[in-house]
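Full structure from sequences and hints, please.
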Amino acid sequence: MKNTVHSPLDPTPRAKTFAGFVVVTYALISLIPLVWILMTSFRTPQDSIAYPPRVITQPSLIGYVNLFTTRSRVSSQELAALPPPATWYEGLVREQQMILAGPSRFSDRYLNSVLIGFGSTLLSVVLGTLAAYAFSRFRVPGKDDLLFFILSTRMMPPIAVAIPIYLMYRAVGFSDTHLGLILLYTVVNLSLAVWLLKGFMDEIPREYEEAAMVDGYTRFQAFIKVVLPQAATGIATTAIFCLIFAWNEYAFALLLTSGTAQTSPPFIPTIIGEGGLDWPAMAAGTTLFLLPVLVFTILLRKHLLRGITFGAIRK
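Each residue of the sequence shown is one higher than the one before, counting from 15 in my numbering.
Note that these hints are calculated values from the structure, not bench results. Each hint should be verified, as a subset may be incorrect.
Said to hold, decoys possible - Calculated pairs, DSS-like style, for lysine-lysine (alpha carbon to alpha carbon, straight line, at most 30 Å):
id: 1; residue 1: Lys316; residue 2: Lys239
id: 2; residue 1: Lys157; residue 2: Lys239
id: 3; residue 1: Lys316; residue 2: Lys30
Claimed, not checked - The following label-pair restraints were derived from C-beta to C-beta distances:
id: 4; residue 1: Pro67; residue 2: Ser166; range: 27 to 33 Å
id: 5; residue 1: Ser121; residue 2: Leu144; range: 43 to 49 Å
id: 6; residue 1: Ile173; residue 2: Asp24; range: 43 to 49 Å
id: 7; residue 1: Gln235; residue 2: Leu136; range: 20 to 26 Å
id: 8; residue 1: Phe163; residue 2: Gly187; range: 24 to 30 Å
id: 9; residue 1: Thr26; residue 2: Tyr222; range: 39 to 45 Å
id: 10; residue 1: Tyr180; residue 2: Val128; range: 23 to 29 Å
Yeah, the Cβ is synthetic: ideal placement off N, Cα and C, and Gly gets one too.
Below, the structure is given as structure tokens:
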């Protein structure tokens, strides 16, 4: 039997147990708001504002129905004169003594978030990858100054330039347009993308590209077939961070859009019910709003793990 040599810096079993307990406790506490939002989305408006709060209630889909529809209140006589509801969700609306008036604007706002969020993320990653490769491999005049200038744009809060951007967008016709928000989010995310990806590019040995070019590859072919697979970890990480910013951004979306290109963050708080906010509908919108980023992160997590493992084997 081989004797295992333990370093004095290795954590003790008790320390590992304590660390695991702290991590699990922190994770559970962090999940409480998300679980409560999910539970609220399946409650009735009355149960969502009950005091003291009710943990266990009769589940209902009225929040999702209210989220995707607009309704109109009618009198009991008018409701009794109507034919039976044609669908299950129309029956839920009738239970509130209302009738369907049409679809809501949430679907359009949700689609805007998808187009703008993923579109700006794609542009940020593509441009950031090319710029990071150039800074990492070529002699760029004033490279250090350029990198510092790129980083300095991240130091200033984006909302500090909201008014100049609003005036500029109004002058050039980019207000309330998908292209305007995609370009704006790309510019804000580009500094982060360049700096993150440059670190990953620097760790990729130049010998791999030189060997590929000796075998007959062009510089561009070596970049596509050699460098990009090696930088998959950095590209996936950068894409996640860029999407999180573009997906959750509220201030610019509120200031620069009003209808056509409005995204979900400024729209969800405006969901109004009778006598105030429709909390189940808002919770339903928030739950659906979280899903794309969650799925995107889970999908890229596989590439992250693959890239980390590959990097460890390479070294």
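Verification of the hints:
Between Lys316 and Lys239, the direct Cα distance comes to roughly 20 Å. Compliance with the 30 Å bound is thereby established for this hinted pair. Proposed proximity of Lys157 and Lys239 is supported: the alpha carbons are some 26 Å apart, at most 30 Å. Among the hinted pairs, Lys316 with Lys30 is consistent with the structure: their alpha-carbon atoms are about 26 Å apart, no more than 30 Å. For the pair Pro67 and Ser166, the beta carbons lie near 46 Å from each other, so the given range of 27 to 33 Å is not met.
Look at Ser121 against Leu144: about 35 Å separates their beta carbons, and that is not inside 43 to 49 Å. Hint check: Ile173 to Asp24, Cβ distance near 46 Å, so the stated range 43 to 49 Å holds. Against the hinted window of 20 to 26 Å, the Cβ-Cβ separation of Gln235 and Leu136 comes to about 22 Å, which satisfies the hint. The hinted range of 24 to 30 Å is satisfied by Phe163 and Gly187, whose Cβ atoms lie roughly 28 Å apart.
Evaluation of the 39 to 45 Å hint for Thr26 and Tyr222 yields a pass: the beta carbon distance comes to about 41 Å. For the pair Tyr180 and Val128, the beta carbons lie near 24 Å from each other, so the given range of 23 to 29 Å is met.
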